[in-house]
Amino acid sequence: MLAVLLVAGATRAERPSLRVGSKSFTESYILAEIVAQIIDEAGEARAERRLGLGGTGLAWGALAGGAIDIYPEYTGTIAQAILKDPALTSVGAMRAALGAQGVVVSEPLGFDNTYALAVRRDEASRLGLRVISDLARHPGLRAAFDAGFLERADGWPGLQRHYGLRFADVRVMEHALTYPALADGRVDVIDVFSTDGQLARLDLVLLADDRRFFPDYTAVLLARRDLAERFPQTWAALQRRLGGRINNAAMAQLNALADLERRSFAEAAATFLGRRSGETPQRRGGELARLTLEHLQLVAVSLTAAVLLGLPLGILAARRRRLAQAELMGVGVIQTIPALALLSFMIPLFGIGQVPALVALSLYALLPIVRTTHAGISSLDPRLIEMTTVLGLRGWRRLAWIELPLASVTIMAGIKTSAVLTVGTATLAAFVGGGGYGTLIVTGLALNDVRTILAGAIPAAVMALVIHAAFEALDRLVVPRALRAAASAAR
Amino acid sequence: MIALRHVTKRFGDRVALDDISLTVEPGRTHVLLGSSGSGKSTILRIVLGLVRPDAGEVSIDTDGASGPPTRHIGYVVQEGALYPHLTAARNVMLPARAAGWSAERQSARLEALAALVELYPELLARYPHELSGGQQQRVSLMRALMLDPPILLLDEPLGALDPIIRASLQTELVRIFGELRKTVVLVTHDVREAFVFGSVITLLNHGRIVQQGTLADLAQRPADPFVSEFLRAQAPPPAMTRDLRP
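Chain order of the listed sequences is A and B. Read left to right, the first sequence gives residues 1 to 491 (the numbering used here). Read left to right, the second sequence gives residues 1 to 246 (the numbering used here).
These are computed hints drawn from the structure, not numbers from a lab. Only a predicted model underlies this, so the values are computations on that prediction, with no experimental measurement involved. Any given hint could be a false lead.
[Said to hold, decoys possible] Incomplete in silico selection of chain B near chain A, CB under 7 Å: (1) L48; (2) H85; (3) P95; (4) A98.
Backbone N, C-alpha and C define an ideal beta-carbon position, used for all residues, glycine too.
Excised from the complex, chain A in its bound form (with noise of 0.2 Å):
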């Protein structure tokens, strides 16, 4: 037994690894934990986890970029958001047009994430509803819509227009509060993504989309060729193993184990191929560990960086009074890109992972640094800095004798700012794949579930309160002891 292990363990170490990728919301986690278990089973290779990327512009970005070797899209999504032709609908078509940038695409799972409508089972069979067509006969009903299916073009204005329909009374209501009030009675047709766990809980009926309105999201895996052609056994284990075996029902009971049971991803991926989840990963304690080393790397790097780059931009300004207006705008716009979308950026640059988040951490952290040391140096008073150049201080020596450490609260006050910021803007890494706290938080949002959004949310802000006591510490080192008496007299 132990030998195996060992032996297991040895093969395992040497084993070349697939970076298995995932957006983050509960039904691409699933599948990426199902594939990477399969990954590992089949024994060519060993899978690393990249899961939780923050979208599909993300994730393709990861996998066109070599960032990740597999993860799991929807042809739905592939026609429109990544080759951005609506009029692809096959799979072959989309086959070809991926091919061509290196990418495979697998055999379809066998179920269709897409919008339908759902109606109580027995509503269904007293009023005779099998397919989206028979509401037309039945104007009296009230309806539940989310906001976004009420106002996207594929949602509700043009399902009314290509059915005909019309309700007694159409709502807007917030997903989640659909089904409960579907289920009471409250209302009788409401909005569901077909695949949503709660399906698979409720007694309710899909009512099928006859007339071809809602485009298709049929699941596949996408992959690089590389994959298919250097692990021949682990690609077409992939494929015997998922393609068309995942049925509708059979996704929302994985979806309904992980976002109504409470179990983890890894556990539902068991579940599906037929396993008892064996080891629960060990959870919380030394995960957490692991979470406060990658978030305190992140905060620790990208602020050190940010400091060496961020000084010597305020001092430039400082110096230069026409630079100083074109250098802070420009570092105030990067301040203006949304993180996301500068995470994003990164990745055609630097892969996924932890460089292109601490890219983004040190552009972010810059900010406060660059302003404050502009603002602390050019604002000393000027009959201060004359004297220097009567007392024959020039150059280096006026900075490093007088005017930093003159400065030096001031500048502080900034990289204590941008620390205690780049705490909370590193819970975004996790989008990336630069891992920390904010991996618990993007599990939490997908999974709706606030305790595990906590478990990443607490210890960031725990962490932002003792950075910035450990700064106020620093300032004794740095700030001169007579400018401390003088700011705390001030105070």
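Put chain B on the given structure of chain A with help from the hints.
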């Protein structure tokens, strides 16, 4: 010797100095007298090279002194302009540190200067905000003298002090200038101070020289009604002088 020839300086539309010609003899104390805005501080700043004149020439002849002009000119301003993050000693030694003096040479000079300006050596370990205004000005003077420059420029050095301290420091400065035999230019708006310090007084008004001479010259042979007006404005009220007469 310091010589200004036909020096003119404008700040925007305002004429700060209008065709100023002035000679300061070596080893003498020369007072620039005038109210604020008369241009007296600008003259010092031009001599220091902090301000460039629009027209005219400035020549400074300090026989034998070399290096950048600031090495042979000491400068003291109102309220001292001491660096708040450095102790008094560090402030004083700053120019010597920049000039690359050895630590021994620096502390020896520091000690000698403390004795000259009569500052308790233990005060040198204090920060400027822990010193009185008079002590700060003594430290500031020490800093100006650190490199032993032949020329000393003082811009209202006692302007921010209360009258009693001011009077005693005036007496002391006169003694120090006498001992050092340096070329001193002192700027003040105070007629009494001009009288205490200056063998030569230059009275300025709106960027022009009104009259140059001893106080007696100014009082007895005013070049201009402004001279008498300026002196009268600062004279003690007649009733007071009568009462003080023995």
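Verification of the hints:
Because the closest C-beta pair between B/L48 and chain A is about 6 Å apart, less than 7 Å, the hint holds. Among the interface hints, the one on B/H85 holds; its C-beta lies about 4 Å from the nearest C-beta in chain A, closer than the 7 Å criterion. With a cut of 7 Å, the hint placing B/P95 at the interface with chain A holds, because the nearest CB-to-CB distance is about 4 Å. Taken as an interface hint, B/A98 checks out: its beta carbon lies about 5 Å from the nearest beta carbon of chain A, inside 7 Å.
In this structure, every one of the numbered hints holds.
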